[in-house]
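J.: What follows is each chain in one-letter form.
Number of protein chains: 2
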Amino acid sequence: MPVGTQGTVKGLTIDQVASTGADMILGNTYHLRLRPGHETVARLGGLHAMSGWDGPILTDSGGFQVFSLGSLNQVTEQAATFRSHIDGAIVVLTPEHSIEIQEALGSDVAMVLDHVIALPAPQAEVEDALARSIRWAARCRAASTRSDQALFAIVQGGLDAQLRRQCATELAAMPFEGYAVGGLSVGETPEEMYATAAITTPHLPVDKPRYLMGVGTPRDLIENVARGIDLFDCVMPTRNGRNGLAFTDEGPLKLRNATHREDQRPLMQDCECLACRHSRGYLRHLFNAKEMLGPTLLSHHNLTYYGRLMSEVRTALEQGRFEEYAAGKLRGWGYEPIPLG
Amino acid sequence: MPVGTQGTVKGLTIDQVASTGADMILGNTYHLRLRPGHETVARLGGLHAMSGWDGPILTDSGGFQVFSLGSLNQVTEQAATFRSHIDGAIVVLTPEHSIEIQEALGSDVAMVLDHVIALPAPQAEVEDALARSIRWAARCRAASTRSDQALFAIVQGGLDAQLRRQCATELAAMPFEGYAVGGLSVGETPEEMYATAAITTPHLPVDKPRYLMGVGTPRDLIENVARGIDLFDCVMPTRNGRNGLAFTDEGPLKLRNATHREDQRPLMQDCECLACRHSRGYLRHLFNAKEMLGPTLLSHHNLTYYGRLMSEVRTALEQGRFEEYAAGKLRGWGYEPIPLG
Chain A
1 MPVGTQGTVK
11 GLTIDQVAST
21 GADMILGNTY
31 HLRLRPGHET
41 VARLGGLHAM
51 SGWDGPILTD
61 SGGFQVFSLG
71 SLNQVTEQAA
81 TFRSHIDGAI
91 VVLTPEHSIE
101 IQEALGSDVA
111 MVLDHVIALP
121 APQAEVEDAL
131 ARSIRWAARC
141 RAASTRSDQA
151 LFAIVQGGLD
161 AQLRRQCATE
171 LAAMPFEGYA
181 VGGLSVGETP
191 EEMYATAAIT
201 TPHLPVDKPR
211 YLMGVGTPRD
221 LIENVARGID
231 LFDCVMPTRN
241 GRNGLAFTDE
251 GPLKLRNATH
261 REDQRPLMQD
271 CECLACRHSR
281 GYLRHLFNAK
291 EMLGPTLLSH
301 HNLTYYGRLM
311 SEVRTALEQG
321 RFEEYAAGKL
331 RGWGYEPIPL
341 G
Chain B
1 MPVGTQGTVK
11 GLTIDQVAST
21 GADMILGNTY
31 HLRLRPGHET
41 VARLGGLHAM
51 SGWDGPILTD
61 SGGFQVFSLG
71 SLNQVTEQAA
81 TFRSHIDGAI
91 VVLTPEHSIE
101 IQEALGSDVA
111 MVLDHVIALP
121 APQAEVEDAL
131 ARSIRWAARC
141 RAASTRSDQA
151 LFAIVQGGLD
161 AQLRRQCATE
171 LAAMPFEGYA
181 VGGLSVGETP
191 EEMYATAAIT
201 TPHLPVDKPR
211 YLMGVGTPRD
221 LIENVARGID
231 LFDCVMPTRN
241 GRNGLAFTDE
251 GPLKLRNATH
261 REDQRPLMQD
271 CECLACRHSR
281 GYLRHLFNAK
291 EMLGPTLLSH
301 HNLTYYGRLM
311 SEVRTALEQG
321 RFEEYAAGKL
331 RGWGYEPIPL
341 G
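So the protein sequences, as listed, match chains A and B.
According to this note's numbering, the first sequence is numbered sequentially starting from 1.
According to this note's numbering, the second sequence is numbered sequentially starting from 1.
Extracted from the complex, chain A is given alone in its bound form (with noise of 0.2 Å):
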C-alpha cells in the first residue's frame, strides 16, 4: 500500500498512483485527526470521497503516531493522551475513540489502537503494554459498528519469541478480519525483522490477510513474503523518491549523482513509470534545480517499481516458483536469499 498519511500520496494525482498498479493505499489516523479533522473528513464525504480514491482504503489506528510525534504521551488503562504535534492541543486517543475516527473517515480496513512502546525496555514494561495492547484490541473489538469496515489487530512483541507467540495466539482466537505484525522497522537488523515476522506468522490464521507495518525495503518485501506475510505499506517508495532515490533491478541509483549528469537512458528499460519516459540527465536536472517534477516523477516510479515487484511476486507464488523468483531479484540487490527456518 502507498502512504497517503494526509489524505493524498505525497506528490501524486489520484489518476497517478491508479497508474503505479497499487490496489490499497493507507490513510493516518493520527494526522487526519488532528487535520483537518475526522468530522470534517466525513462532512467532505469521507476519505474516499475526499481524496477520489475508489479503491480500499485502510487506515491505521493513530497508536504508533502517537509514539513517535505526539509529546506528553501519558498512557493509561484507559487512554493515551498526547500534544498534537500541530498545535499543541491537548488530545485524548482512546480505542474507542480511534474506532470513531476511523469511521467517520469511512476507510475499509480499521486498525485496533495498541500501545506502543520504545525499545529495548525492561520485561516487565514490554509486557504491561502487551497485555494493554490486547485488552485495548478487545476494546475496539466491542466498539466497531460499521458493517463495512474491516478491522484487523496487532500483533506486538518486540523481538520476544515468546511474546511474539504468546500475543498472535491470544488475538487469533479473537474476531478480527485479518492481523497485523506491529513494532518492526524501527530500528532492528533485516535478520531479526526476518526472524520475528517467521515466528509470528504460523500462529495467525491462514485465511486471514496477514500484514507487515511500516516495511519496507524490495529486500523485505521478498523476504517476508517468504515467512507468510501478504500486505505492507511504506514510505520508503515516495519518501526515498522525493530525495531523489530511485529504486531498480540493479539496486538504487541516487540521481543528484554528477554521473547521471548527461545520461540518456531511462532509470530501466521497459518500465511504464512517467519517469522512465525521461532520460537520467534530465531527472538529474530536476533534482538539481529543486523542482518539484523531479519528487513527483521518482515517486511514480518507485511505487510502480514496488507495484510491479508485488504483481511478480502473486504470479511466482501461483505459478509455483516462487523462491526461484525471489533469488533472482535479490542477486540483483546483491543479496543472497535468507534460508527459511
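What the hints contain is simulated information worked out from the structure, not anything from laboratory work.
Hints are all accurate, no fakes.
Chain copies aren't distinguished; within one or between two, either way the pair holds.
Quick list of in silico lysine-lysine cross-link-like pairs, DSBU-like style, CA-CA up to 35 Å:
| # | residue 1 | residue 2 |
| --- | --- | --- |
| 1 | K329 | K254 |
| 2 | K254 | K290 |
| 3 | K10 | K208 |
| 4 | K329 | K208 |
| 5 | K10 | K254 |
| 6 | K290 | K10 |
Guided by the hints, dock chain B onto chain A, whose structure is given.
T.: This is chain B only, laid out in the frame that chain A set:
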C-alpha cells in the same frame, strides 16, 4: 504559454501540461544556460526531447533575467556581463551567444537579446538602451543559423509613445518572424500597460504574431487581445496556483481561507481540470497540510482556466462577437471594459 523556466512547468508532468489545453510553452535561456547548461541540454537531445514536450517551445533571450536576477550587470556595446545567481560565476552574454544557446536548446521560437534597464531612468539612458537593443536585434538576426527556428524581435520604450513607435517601426523594417512587446508588467498600472500595447501594435506587421511578454491577469489577456496582441506568457497561473489562489469566472479564490473548510463544491462547475474533481474543502486541506498535491492541482486548474479563456477568445474573434464576450468576462471579474483609443 505556460512558463517552463527550468525545462519543466512547475508542479506538472508534461502530459498534465498538455491536458490543460496549452499549445506552446516557454523556456528560459538564462536559467538553462546556467543549469544544466545549454550544451548538456543539447546532449540530452534538446529541450523537446528532454522535457517530452512535442508542441512548439519559445525561449526568451535572457535579457530580462540578466537585469532582474543577475548581479554586477555591466552592459557594453559588445555584451551584458553578469554574475550567476546560482554560483556567482561570471557569464558574458552577447547577442550571438544568446542565439547560440537558444539554437542548442532547440526551441521553435528564439527571442533577440535586448538591453533591459530599470525604469524610470533619464531620457538619454532610455534612448541609449533602446538604440542598443535595436543594434543587438540585428546582430541576433545575423547570428541565427537554424532554418527551423523563428526569431522574434522585442519592442522596448517604456511608457513613452514616441519611443515605442520608433522602436516598433525600426524593428518592423527588419526581417523577423514575429514581434514582442517587452518591458511591460514591471509595475505600471493596467491602464498604462493597455495604452502602451495600443500605441505599439499598429506599427507591427498584422501578418506576424504579436507577443506581449510576461503578461498577465485574465483581465490583462482580454484587454490586450482587444489591442492587437496574439500571444502571452506568464508565471501567474502556476505561481498563484502554488500559493493557493485559483482563478474563476467570479474572480480569484484564496483556498487557504477558512470559509472553504467544509465546502463540498469544486472550484468551478464544468471545469475539466484535475482540481475540479475534488471539493474546495479538500483543496484547502492540502494547502493547510503543505501537501505538494495542492500546488499541482491548482496549477493545473489555473492553466486550464487560462487555456480555456484564450480558446474562447479565439472562437469569439472568429465569430465576430469578441467585444460582447470580453465585456461579459470582465464584468464577471468585477471590471468594466476600458474603451479603446
